[in-house]
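*Asks:* Can you join these two chains into the complex? Each is in its own frame, and there are hints to help.
Residue numbers (our numbering), protein chains in the order written: chain A, 1 to 325; chain B, 326 to 618.
These are computed hints drawn from the structure, not numbers from a lab. Think of the CB as a built atom: it goes at the ideal place given N, C-alpha and C, for glycine as much as any other residue. Some hints here could point you the wrong way.
Here are the simulated lysine to any residue pairs, SDA-like style, with alpha carbons at most 20 Å apart [unchecked claim]:
id, chain 1, residue 1, chain 2, residue 2
1, A, Lys313, B, Lys547
2, B, Lys573, A, Lys14
3, A, Lys14, A, Glu85
4, B, Lys547, B, Gly570
5, A, Lys244, B, Glu515
6, B, Lys397, B, Lys416
7, A, Lys308, B, Pro568
8, B, Lys516, A, Lys14
9, B, Lys416, A, Lys313
10, B, Lys416, A, Ser236
Example chain B residues on the side facing chain A (calculated, C-beta under 8 Å, incomplete) [stated by the list, open to error]:
id, residue
11, Pro402
12, Gly465
13, Lys470
14, Met493
15, Arg505
16, Leu567
17, Glu569
18, Gly570
19, Asp584
20, Ile602
21, Thr604
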Amino acid sequence: MNTSTNTLILDFEKTIFEIETKIESLKYLAQDENVDISQEVTRLQHKLEKQMRASYSNLSPWQKSQVARHPSRPHCLDYVHALIEDFTPLSGDRCFADDEAMVGGIGRFQGVSVVVLGQEKGHDIESRVRYNFGMAKPEGYRKAQRLMDMANKFNMPVIAFVDTSGAFPGVEAEARGQAEAIASSIEKCLQINVPIISVVIGEGGSGGAIAIATANRVLMLEHSIYSVISPEGCASILWRSADKVKEATEALKLTAQDLRRLGVIDEIIAEPVGGAHRNPAQTIERVGECIAKHLKELMAQSRDEIKKRRTEKFLRMGRHFAESK
Amino acid sequence: MNWLSDFVRPKIKKIATKDIADNLWTKCPQCGKMLFNKELEKNDFICSGCDHHLRLPLDRRFSMLFDNGEYKLITLPKLQEDPLNFKDSKKYTDRLRSYRKNTGNDDAIKVAQGEIGGITCIIAALDFGFMGGSMGTVVGEGIVKAGDIAVRGGYPLITIAASGGARMQEGILSLMQMARTTAAVNMVKEKGLPFISIMTDPTTGGVSASFAMLGDVNIAEKGCVIGFAGARVIEQTIREKLPEGFQKAEYLKEHGMVDIVTRRPEMRKTLIRVISILTHRQPQIKQLAIESK
Chain A
1 MNTSTNTLIL DFEKTIFEIE TKIESLKYLA QDENVDISQE VTRLQHKLEK QMRASYSNLS
61 PWQKSQVARH PSRPHCLDYV HALIEDFTPL SGDRCFADDE AMVGGIGRFQ GVSVVVLGQE
121 KGHDIESRVR YNFGMAKPEG YRKAQRLMDM ANKFNMPVIA FVDTSGAFPG VEAEARGQAE
181 AIASSIEKCL QINVPIISVV IGEGGSGGAI AIATANRVLM LEHSIYSVIS PEGCASILWR
241 SADKVKEATE ALKLTAQDLR RLGVIDEIIA EPVGGAHRNP AQTIERVGEC IAKHLKELMA
301 QSRDEIKKRR TEKFLRMGRH FAESK
Chain B
326 MNWLSDFVRP KIKKIATKDI ADNLWTKCPQ CGKMLFNKEL EKNDFICSGC DHHLRLPLDR
386 RFSMLFDNGE YKLITLPKLQ EDPLNFKDSK KYTDRLRSYR KNTGNDDAIK VAQGEIGGIT
446 CIIAALDFGF MGGSMGTVVG EGIVKAGDIA VRGGYPLITI AASGGARMQE GILSLMQMAR
506 TTAAVNMVKE KGLPFISIMT DPTTGGVSAS FAMLGDVNIA EKGCVIGFAG ARVIEQTIRE
566 KLPEGFQKAE YLKEHGMVDI VTRRPEMRKT LIRVISILTH RQPQIKQLAI ESK
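Bound conformation, chain B alone (with noise of 0.2 Å):
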């Protein structure tokens, strides 16, 4: 109650408040360090203190994996909304509308195609900003049309996930789309081609009981969280504290479940390697000169 904290005070918070929010900095999750956001975005979203990977948006991922950072994007098809009406505290559909406003993707998922290492191929990503990754009817359809493709085309199937499971908005079908989306994937494996599925933060639920664990190769990337039930649900159900490490990339490939985990520069160097290798194919190492990082 003195002058101090009627005046100076309230204009200062004002200024340091506005500052971060205005999306100038960036406190790393992990070890709390305050990251500079053009030079996180230069680092590839990358902690500069702990080396800890941040989620990366997907325009970003993709330019980071094809060749020249070229590809085109593949239209899918318009299906149904809301196909069950569904409503909890907020109406489904009105949460897709603020998440396509938020995003400006129509759902949680990306296909393109491009030329890794001079080899064609499709990458199928999820987007966690939009509603966390969750897999839904379009999600599925997603991953089927680039299966397709990669049939079609004789090119090799990539997917990137990033998701914390099935759509519970859509109910049955997003679990449907657990068989749908492995029916995908076998189809594009049955044929020959390569399938090489690329686990991001988090991979959990649905996605990682359905097509994100059934790569030919599976990459994890470097700390991300890969698993079935949700750390806090299985702390309710046994009532213990979890191990060390548990559930993280790491832990996965410990126990037999990832082939590699790799650092978010190195995961094209690591593409080109494995994806020339399945298919009988020098790649082309002029493209290779010009690594990210």
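Next comes chain A alone, as it looks inside the complex (with noise of 0.2 Å):
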């Protein structure tokens, strides 16, 4: 198990660690002094999955925020990485700059020639400065664009990785043109006769997250969030208080379970138990086969079908009459 990087322990966390660092020790002790440890640490191992068993299976949509969040959770690139052959970045909105918090290029899933789009968080300080934690500027909003009908044109399905807290808030972005970037990104993504699967591996954070979330699929890992406003910015608004986060958690409806049962979403991907960081290759396993499931799916689909049936599915979103009286 992959314990080394944790470095931050959520506070529901601590028992799990408790029990991570005996084993630890054990192991460390057992090395020098040549004593036979194995049943102490196989009895400490059951115990170990047992309690994560249990946290994990009941976690509150506050604690899901925060493993969904977590800074040793599986990032974009590890996706991309892992998942894509061939993968060839690609830079640029050919109006003014490149942006590295949006991911974009080309590659091969499974053999398929795809277009890969995503936002990056970085996992050290200073990959996290490079791509702006992960919040995308216009200019990222515009390359994912032309990316678009780059695919569109040779027929190429579209895989985005989503992973924000959400679109650049600055002067710089506002002026030039951040809301319009937006909305022509989601336009594109209603426009193209290529299938979209967008996957949301982290934390979908509004606008930023949906202009590349318009998909015919979108699949969501078990302890992820995607909301129209952070927790954060939620209580602040509407309960004033900074103190209310857990309050607006649970309000706002933001886990993928909640989505699911909205119809907001089409999967929920199970992630390794004890969370996505505690066994980052599993999950990005999971994540390709769900990924090539729905492909496959969809490439069965013409290409009129195709763009048809993801503007059908998003004009019907949250169109639920009312029961006539």
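*Replies:* Right, here's the structure in full:
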């Protein structure tokens, strides 16, 4: 188990962490003193597994938000490097700049030529700054549009990995038309005739997320979140208090399970016990399998059908008629 | 503690506050001038001191744009209320009830059909007075319905935005309305019909980042605020003062985001010109004669 990278210990993970540390130190001791500890380790590992199952099968929406934002969770480029052969990053919006927060490029997914999009949050201070913490600017959304046009032209499906707290709020982003860039990106998603599959791998933050998630299929990892506003933002606006963040998280219904119930997403991808950050490789593999399954279904549809069904799906979003009295 | 403060003063105070509360006067939010409400109404809710455009009631907006002020309101289907069972300091259903009572409208949108310069058009307009014009499933339904009628009848579609953005109380479903309304206006555009987006104060958040920015022609009302992120959020992020005129209609035009910035009294004329040119039709001059001002 990949415990060494778990630098952040979430509050509900304390017991888990204690057992993990115990196992580690036992192993360390055994190296030195050459004693047989296998029985004790097995016992602890059982206990650990039980504890993780118990905690993770019952996470509150706020706890899920913390897991979704865990810094050791696999990020966009981890998926791209593991799942996309010959990945070739493409840069720039041809208008202003290249936005590294928005990953874009071409490659092969299980032998099929695809366009890849996604927000990258980075894994250390240096890379987080470089990727602007996964918050794209207008040039990022314009790069996405350009690549979606390319996908359409060369008949390549689009795979998008969504992981952003939201589009970047800043003076320059506004000056260059953040609103227009997001709006046009949504519109582009609706205009192209190739399949789009979006996977929310961590945080699906508002307009910045839906700009690349107006997709034929929207998949979500078990402990990821997708919301119209961050829990913090919602708490400060509606409750006028940052302390009410847990209440806001509950009220927003932002978990994968809630979204599935509301009919907004198509499938939940189960995470390994203890969350994606405990076993990135297995998480990525499962995501790959799920994308493959949906891609196969979508590639059986005609180009016109792909576009038509996507539009019809979004035209129906939230259209639940009141029962006539 | 003398007879003046005990006696006379409170009475005067009472009379004075009562008069203002009775909606006789409105203070211009920009220059602070006290405006007599009847005058303000005559002046299309524009400040006579600084030309600031105050918010305009929806019905007035419609009657200013349609020929002879005549239009037909489109009934929207009833949707299931409060899909998330949302409650903050107050229940969402209670909020809805009180806004309905105060505005007389079911939600933050009205859809109307009528002629503009003799050309039949559909207008979907947001009402800032109803929960800040926020976009939930009912607003989405309104835009879809408007788009649908436009496509079926071959009419131009006009949207008038006045909104703080998505309606948080409807959570993810309100975010989905961004894609939904975009799909609706895209349907109109792909039919080769004109889609004109009018932005009024304010057009921000999820509304500006969806249908409102996607007009074949984007028209902004003078001085209105348009943007994605709120000014306060940006200030907190960058910790510096925002530039003069930031996120105002004129700023947006300078930065290439809107085609035309117009004063409210000229909006109808502008619309007639744009729509008649795009539809290859001659506007009916007779009806042009009764411009509001």
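*Asks:* For every hint, state whether the structure bears it out.
*Replies:* Quick rundown of the hints versus the structure:
At roughly 37 Å between alpha-carbon atoms, lysine 313(A) and lysine 547(B) are farther apart than 20 Å, so this suggested pair is violated. Using a Cα cut-off of 20 Å, the hinted pair lysine 573(B) and lysine 14(A) is violated, with the two alpha carbons roughly 50 Å apart. The suggested pairing of lysine 14(A) with glutamate 85(A) is violated, with an alpha-carbon distance near 38 Å, which exceeds 20 Å. A distance of roughly 12 Å separates the Cα atoms of lysine 547(B) and glycine 570(B); the hinted pair therefore holds under the 20 Å criterion.
A C-alpha spacing of about 45 Å is found between lysine 244(A) and glutamate 515(B), which places the hinted pair above 20 Å, so the restraint is violated. Note on lysine 397(B) and lysine 416(B): the hinted pairing is violated, with a Cα-Cα distance of about 33 Å set against a maximum of 20 Å. Taking the CA atoms of lysine 308(A) and proline 568(B), the gap is about 43 Å. The hint is violated against a cut of 20 Å. At most 20 Å may separate the alpha-carbon atoms for a hinted pair to count; lysine 516(B) and lysine 14(A) exceed this at roughly 59 Å.
Of the supplied pair hints, the one linking lysine 416(B) and lysine 313(A) is violated, its CA atoms being roughly 30 Å apart against a limit of 20 Å. Straight-line distance between C-alpha atoms of lysine 416(B) and serine 236(A) comes to about 17 Å, which keeps the hinted pair within the 20 Å bound. At a threshold of 8 Å, the smallest CB-CB gap from proline 402(B) to chain A is about 6 Å, leaving the interface hint in force. At a threshold of 8 Å, the smallest CB-CB gap from glycine 465(B) to chain A is about 6 Å, leaving the interface hint in force.
Evaluation of the lysine 470(B) hint against chain A yields a violated restraint, the C-beta minimum of about 11 Å exceeding 8 Å. Interface hint status for methionine 493(B): upheld, as the beta-carbon distance to the closest one in chain A is roughly 6 Å, under 8 Å. A distance limit of 8 Å between C-beta atoms decides the matter here; for arginine 505(B) the minimum to chain A is near 5 Å, and the interface restraint holds. Interface hint at leucine 567(B): satisfied, since its Cβ lies 6 Å from the closest Cβ of chain A, which is below the 8 Å cut-off.
Below 8 Å, beta-carbon pairs count as interface contacts, and glutamate 569(B) has none with chain A, the closest being about 12 Å; its hint is therefore violated. Because the beta carbon of glycine 570(B) sits about 11 Å from the nearest beta carbon in chain A, more than 8 Å, this interface hint is broken. Hint status for aspartate 584(B) relative to chain A: violated, with the closest Cβ pair at about 12 Å, above 8 Å. The restraint placing isoleucine 602(B) at the interface with chain A is violated, with a minimum CB-CB distance near 23 Å, outside the 8 Å limit.
Given the 8 Å rule on beta carbons, the hint for threonine 604(B) is violated: about 22 Å separates it from the nearest Cβ of chain A.
Consistency note: the structure conflicts with the earlier hints numbered 1, 2, 3, 5, 6, 7, 8, 9, 13, 17, 18, 19, 20, 21.
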